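Each chain, written out:
There are 2 protein chains.
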Amino acid sequence: MARIASLSGFPEWLPVGRIVENTVLDRLRATFELHGFASLETRGVEPLDQLMRKGAIDKEVYVLSRLQETDPEASRHSRQLGLHFDLTVPFARYVTENAGKLAFPFKRYQIQKVWRGERPQDGRFREFTQADIDVVSQGTLPGHYEYELPLIMVEALRSLPLPPVHVLVNNRKIVEGFYRGVGFDDPTIVMRVIDKLDKIGPQAVSSLLESDAHATTAQAEACLALAAINSSDASFADQVYALGIRNSQLDEGLAELVQVIEAAGGLMPGALRADLKVARGLDYYTGSVYESVLEGHDSLGSICSGGRYDSLASVGQMSYPGVGLSIGVSRLISRLLGENLVTASRSVPTAVLVAVSEEATRPVSSAVAAQLRARGIPAEAAPSADKFGKQIKYADKRGIPYVWFPAAGSEPSQVKDIRSGNQMDADPATWAIPEEDRWPSIIVNV
Amino acid sequence: MARIASLSGFPEWLPVGRIVENTVLDRLRATFELHGFASLETRGVEPLDQLMRKGAIDKEVYVLSRLQETDPEASRHSRQLGLHFDLTVPFARYVTENAGKLAFPFKRYQIQKVWRGERPQDGRFREFTQADIDVVSQGTLPGHYEYELPLIMVEALRSLPLPPVHVLVNNRKIVEGFYRGVGFDDPTIVMRVIDKLDKIGPQAVSSLLESDAHATTAQAEACLALAAINSSDASFADQVYALGIRNSQLDEGLAELVQVIEAAGGLMPGALRADLKVARGLDYYTGSVYESVLEGHDSLGSICSGGRYDSLASVGQMSYPGVGLSIGVSRLISRLLGENLVTASRSVPTAVLVAVSEEATRPVSSAVAAQLRARGIPAEAAPSADKFGKQIKYADKRGIPYVWFPAAGSEPSQVKDIRSGNQMDADPATWAIPEEDRWPSIIVNV
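Which chain is which? The protein sequence lines are B and G, in order. Residues 520 to 965, numbered by this note's numbering, are exactly what the first sequence covers, in order. Residues 520 to 965, numbered by this note's numbering, are exactly what the second sequence covers, in order.
Chain B with its partners taken away, still in its complex shape:
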């Protein structure tokens, strides 16, 4: 078991699991930076009023207090702080706060932990790592980002040891316009009910629509019919029109989604699919909304989600529209490790253990290790001058592939591949390590 949690909802990994996680994070970062996204890190806390401004998840926030606050009145009157529950709200705050020092459109990625006080369950943690990309502009935001950003996420996810991934796209204007066209005054309630479709099924959704949104049977059926539409090309639009609902906001949304699906199809066929059941719980999305599917892992839910927001951040007359997606890294890693889908070739970075024949000659072994490190080969001297058999066992236990024996008297300097048992003369100044052995590698168990 590579996953451990002594505190429910707060996962930690063993060293091998952490190597898998770091490999995943490194590859995500590499993709984001190749696409020109700047790294950003925001503080872990935000004033509570900032955190509660958007979304319906206020009850999940962890609030901070100082253990030995000497003046309780002072604490009550100062702005209370809470741990951030996502990276979008802090990013919006950062952008408006530093707008004068940033160049727009501003593209950033952010890989950080977030906290939610909800009841822990399989794949749902109280502390977890997210990897986000967002682009934010001043005033207006070009529409091409609405297909470019999800494609970058697909590219990033495809660099990982995962089954095929694709992103499902919908547009808030489609669902809002459609629901209004059907006769609902408050599309938000309908949206929240439809969001439960995958969990509770159409029958229960229909009942909820009738009880919570006062829908007629015909209205509920229309909403379910919309949610059932999906396609990998622009044909979804005709299916929607065939339902006979007309609304200008619906038309606008359909045109936008057609553009997104067609442009994405030209760049990366099959990566994005239109799926009109995608709703997303958060209030702040105003255009495209995204969820993703990891083939064969439906129970995991969406591992990458997001959308376009036009008014999350604004200062006076200036608004900062944006579009972004977020990968739930911890949930992904937890599944990869928990089902033993991937592991690492060793539990330490060390590629070469330099044996120590007696404590008096430790400086000789340390010098060999330093020579190897200077050539970019992870190396360390053995912890104790035990019998060589015990030193080899030290390497074996950690998966370190090579043990080095420094020259001693007439004995030449030698290196042993402890996997094959092959041992040969070698000079630390020139020995070439096979590139695949230099750093721990990821092993995919399929």
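Be aware that one or more of the hints could be misleading.
Same chains, same names: a pair is fine if it fits in one copy or spans any two.
With a cut-off of at most 25 Å between alpha-carbon atoms, the simulated BS3-like pairs for lysine-lysine come out as follows [stated by the list, open to error]:
hint : residue 1 : residue 2
1    : Lys-715   : Lys-906
2    : Lys-718   : Lys-796
3    : Lys-916   : Lys-620
4    : Lys-916   : Lys-906
5    : Lys-715   : Lys-796
6    : Lys-632   : Lys-906
7    : Lys-620   : Lys-718
Quick caveat, the hints were computed from the structure, so don't treat them as lab data. Just so we're clear, the structure is a prediction, and the values are computed from it rather than from any experiment.
Position chain G against the provided structure of chain B, taking the given hints into account.
For chain G alone, kept in the frame of chain B given last:
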């Protein structure tokens, strides 16, 4: 100003500052991994009873509560959680919790944020990033780690754009044995007073020793005389003996420190210095203790500190002695950015901006950018099909060195170095970017 903080004590960096920070963190990580340290990340929270077990900093802890805890009694009775204030206590908890699954001696590095509720002041934050290395063993820990770990930290710090750094070493056994030899029953009180020497000076320390530790004038003088001793070789031991105090614990400590200084001198001359005023506030150190000096930045205080602990972690009869050091990364970055000592060559990873002549040909520009990225060159298509002058300005504002003009009609594909103005024909499949331009680089202002 690359440093910003809208919330006192919670620093954030602008994109250029974050590039500096990431470069620093990448170099630290590279050094730690070359030396075979495994990466580890522990959860951000610990049960309060765990956090308050060691050290005298209980009043600095941030305690968590859930915003909408429905049953206040439930929360009061469950184990309260606090944010960790360092990475040593969580590491000790992790080691004892997972001892059966780890291979000892276990060497790990850990780069994470920590939180302290203290009053913010220059260089002292409420949220900051630490970079720690520790080695922990089961039962006994070989003494060579007491010079190897601080040397690894010096190597890591020397890989950064910093003035010369060296580590000051003392040994708890020296000060405890000496204070006992002088006639104090409780060396801890003396140690805490001596720890203030740099801040308040010898006169005030002397008074405090007399008032708080009931020292005679002669005893106070002896303690100050010990604290004044330092050397880059083993000669400090003779200076201590010349003070005429005899104690077996003192002898043991001197022998250990002589070994540390001499072995370190053989491996990396000048990197470690014996300095007998180094005390360290935390209770859990039992052998070597370390502080560090950044030349020309005395006011910054120690940027890398630590020590050996024999009983921080234990389960039943089994103890887990360890030695570790911690770099205060945020404090260091804050100084580097605040005094404009370093900056980055650009504010985004992008090396090449691919111009877009009209929105209809965006796919052509996107394809060129994708071709460059596939060859490891960070590239993005321009956000809008503005006039080329405006697109070049977009690149210039971010420090992006190259603008690419895709082939159009009879016009060949060209790349322009916007710093020199040089423009030449180029093929995205073969164009070689100068290696120093591929990624943002660090510029040191001396």
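Tested hints:
For a Cα distance limit of 25 Å, the shortest separation of Lys-715 from Lys-906 qualifies neither inside one copy, at 63 Å, nor across copies, at 47 Å. In this assembly of identical chains, the alpha carbons of Lys-718 and Lys-796 lie at most 25 Å apart only when taken from the same copy (12 Å versus 65 Å across copies). Proximity of Lys-916 and Lys-620 under a CA criterion of 25 Å is satisfied inter-copy only: 11 Å between copies versus 51 Å inside one chain copy. Taking the closest pair of Cα atoms, Lys-916 and Lys-906 come within 25 Å of each other only inside a single copy of the chain (16 Å); across copies the shortest separation is 62 Å, beyond that limit.
With identical chains, the CA atoms of Lys-715 and Lys-796 are at most 25 Å apart within one copy only, with a shortest distance of 10 Å there and 65 Å across copies. For the identical chains of this complex, Lys-632 and Lys-906 are neighbours neither inside a copy (44 Å) nor across copies (41 Å), given an alpha-carbon limit of 25 Å. Taking the shortest Cα distances, Lys-620 and Lys-718 never come within 25 Å of each other, neither inside one copy (44 Å) nor across copies (37 Å).
Consistency note: the structure conflicts with the earlier hints numbered 1, 6, 7.
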